[in-house]
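Chains as they are written, first to last, in the working numbering: chain A, 1 to 216; chain B, 1 to 355; chain C, 1 to 253; chain D, 1 to 74.
One thing to keep in mind: the hints can contain errors.
[As the list claims (entries may be wrong)] With a Cα cut of at most 25 Å, we get these calculated BS3-like pairs of lysine-lysine: (1) Lys-8(C) - Lys-38(D); (2) Lys-3(B) - Lys-133(A); (3) Lys-203(C) - Lys-188(C); (4) Lys-136(A) - Lys-3(B).
FYI, nobody ran anything at the bench for these hints, they're computed from the structure.
Here are the chains, one letter per residue:
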Amino acid sequence: MKRITILTGHYGSGKSEIAVNLAIQENLNCLIDLDIINPYFRSRSVRGLLESNGVELIESTIENAAGSDLPFISSKGSRPFVNRDLSAVYDLGGTKHGAKVMMQFRDFIKYPEDIDFLVVVNIYRPETDRANKIIKMIEELEASSQIRVTGLINNSNLMEYTDESMIEAGEQIIQEASQLTGVPIVYTFIEEHLKTTKTFAGENIILTRHLAKKWL
Amino acid sequence: MAKVLMKGNEAMALAAIKGGCDAFFGYPITPQNEIPEYLSYHMEENNRIFVQAESEVAAINMVYGAAGSGARVLTSSSSPGIALKQEGISYIVGSELPCVIINVMRGGPGLGGIQPSQGDYNQITRGGGNGDYHLIAFAPETLQETVDVVKESFDLADYYRNPVMIAVDGLIGQMMEPVDMDKEIPQKDLPAKTWAATGESGKRGSRNKIVSLHLDPYDLEKHNLKLKEKYDKMVENEQRYEMISIEDAEVVIVAYGSMARIARSAVKALREEGVKVGIIRPITIWPFPEKAFENLPESVHTLLTLEMSLGQMHQDVKIVNQGRYNLAFYGRAGGVVPETDEIIEQVRKYVGGNK
Amino acid sequence: MKTQTVYKPTDGLVKRDLSYCPGCTHGVIHKLVGEVLEEKGLLDTGVGVASVGCSVMSYEFFNCDMQQAAHGRAPAVATGIKRVRPESTVFTYQGDGDLASIGMAEIVHAAHRGENITVIFVNNAIYGMTGGQMAPTTLIDQKTSTSPRGRKQKDAGLPLRMSELLATVPGATYLERVSVHDPKHIRKAKKALEKAFEVQTQKQGFSMIEFVSTCPVNWGMTPQDSLEWAVDNLIPYYPLGVYKDATKGDDNG
Amino acid sequence: MAKGRIIIDQDKCKGCDLCVHQCPVHILELDTSTTNQKGYTPLMVNDPEKCIACAFCAMICPDSVITVERFVKE
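Make the full structure from the sequences, and use the hints.
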């Protein structure tokens, strides 16, 4: 993987769970939570877990404000863009409205070749259930962030009801979008409970849910 | 229709469209913003009305106007915003207009916080507006149930000519869950709205008035008694609840919404150990499901009320209990959501106790 | 001898006695609104919104569909009606306490959105219904039951001029202030109302006619003296005239 | 010779006096010798022959008490 991964997509597509999984599994230096859209279930809500895994969490300018919907973002968020020693995953808020926060870092992005800008897609989210809708979303995300999308993530799931056929159905639709845009599928995330031997497009990663409580 | 993965707020917004909502009037407040955001895009697409009002007060009065002219209307807000809407809600009830109000509850009092809470129980069931009035209030537990009651609420509102509230806490508004958006729901045979002030007095041959003012106290009392008959009918027909693992329970938890979800996972764990615990889950918090408490098994000795507030529903449990069982209460407030283990520990305090 | 009717009571009002005090110009304004609705054929599609104040019962008087609104909220209620019934003719009838005080947000934002409704604003510089308290439009030194020594700027500010204020709101289309103290001004007021409703039927947006009105009972004057007091005191502070006319499209903010 | 006449709905009149002041030929007066159904002293016409059917009285009347007719030649 590249040194910096920026995750975008529709809200509820699974960006934050994937960000936390990538940060922990890939031993990244930091996770930058730039979600100004969602007030709950943000990656900043698992600070302890991240820190115990050696991941620095960068989020708001206000400390201890998990209960805040203020959009203030820590200026530390620009560090991985300028410091080539740092590996990082950026977790953006959903939709083009969440992606526009990237604009504030535009002048810091010195090494664009270090960056993967990935769209998380779950075809069971009605706004991304067809190839044409996924393509439209890619265009919107690029327009509002001014960053070229470099890859797609298949995160098609119905949470605990997910089975292999759902991942396959997702792959088929996302592949269609991929062929039309030339943007490759770089990861497929597979629910932990699903003991599958199949392999799917891109790198396959087992997803452990950290953000949602068991009773949810 | 196959299931899709939806966020609670978004699911409620889409459910409203599917429930035949003609118009939405609202004002932004966290954690319900995805509702107006979703509707701002999709109402127009369906040739329906979306207006972002200048305040919650204006929004609910727009609801009044649109409902008075015969439309199916929705507004949504969160706790402090619902407080601002109380004026209009009282007028809407007094004028016998139907509408649906979604309340995605957050912590209070005051501006409070944006984290989930059930602190509006009294505001919803006792009403913050003036006068004798009630509204049916659903407090669903899953997104599927939420979607189903949102759709059904438009019919119920029309049927009783009274507002219906969907009271969920922020967790249900913000969580993701698979839902079948097109699940069949019960439908009512509804008469035409011949009472509505539609601006068609010419066609109708008579004029309609939407009014909550009654100058003669005896007239007003008569009107209030007529409304009371409606509330009695709602109490008789609309109590909804679920009984979970009640058959041989010693301790019965009373919990709704997200708290019921946590209780459910606690009960599952406790049952695996052989602890006899069950749940009464109110699906309507008004009318309060008194019927659920009528024929509890002999084994029950304690009712344990769980809330994400500090004993508001517990008052209703006390009223319905009438001294029959030991009563216990556990609540968290201010947006703090308890863990399953916390609930397990609470239940353990009371198992093996005497009746 | 054969006769021709020059003037008769309008069918725009319900055939029942108005509840207002003797000589109160609410009656004249009601009549004008009724006449315009009748003559322009707008009763059949009309939905009026009654406010709170002396005109709270106006839903009993206008001969069309009516809704009664909470204090100050008439423009929001009218918004709700007009949005779901765009073919109807929607008007509010509001006093100065209702429109300029408790309902300030609703009136400004209805104008701001350019809601296609017509607002009848009755400004008599006092709260009539509740017993003659100070209104936002009460004149400096005017005595009311809550300004017993006369309104003072340092405590209560200067009287609010709503037509002028709304003229600064980009969304408003037509604003005019009129008076009904003599036949000449009554004719002019009727023309203004005709224009306001025409703005609505032409789907040109928000219109408001402000009426300088009287309150003989709470001012403590005879009806005729009230008219004269309004001419001598209110009109100089609230000058009559058109405050905004964006119907030609040359001024839409 | 009168140009027209006014018809007064006496029982609706609130005796406010506004019309009296608007009449350009000064033929209107409140009848202080009696009260109507409402208890007000109602309007009366002193010198109907002078009426010019201008309708000023009717226009200012807040309670729609007055109907005005003009005589037309046969």
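Handout entry: Restraint status (C-alpha distance of Lys-3(B) to Lys-133(A) at most 25 Å)
Key = This hinted pair holds, its Cα atoms lying about 18 Å apart.
Problem - Given pair status - Lys-38(D), Lys-8(C), alpha carbons within 25 Å - result: holds, 21 Å
Exercise for the section: Below or equal to 25 Å on CA atoms is what counts here, so check Lys-136(A) against Lys-3(B). Expected result: Judged against 25 Å, a Cα distance of about 23 Å means the pair holds.
Problem - Pair hint Lys-203(C) and Lys-188(C), alpha-carbon separation not exceeding 25 Å - result: holds, 23 Å
Consistency note: the structure conflicts with none of the earlier hints.
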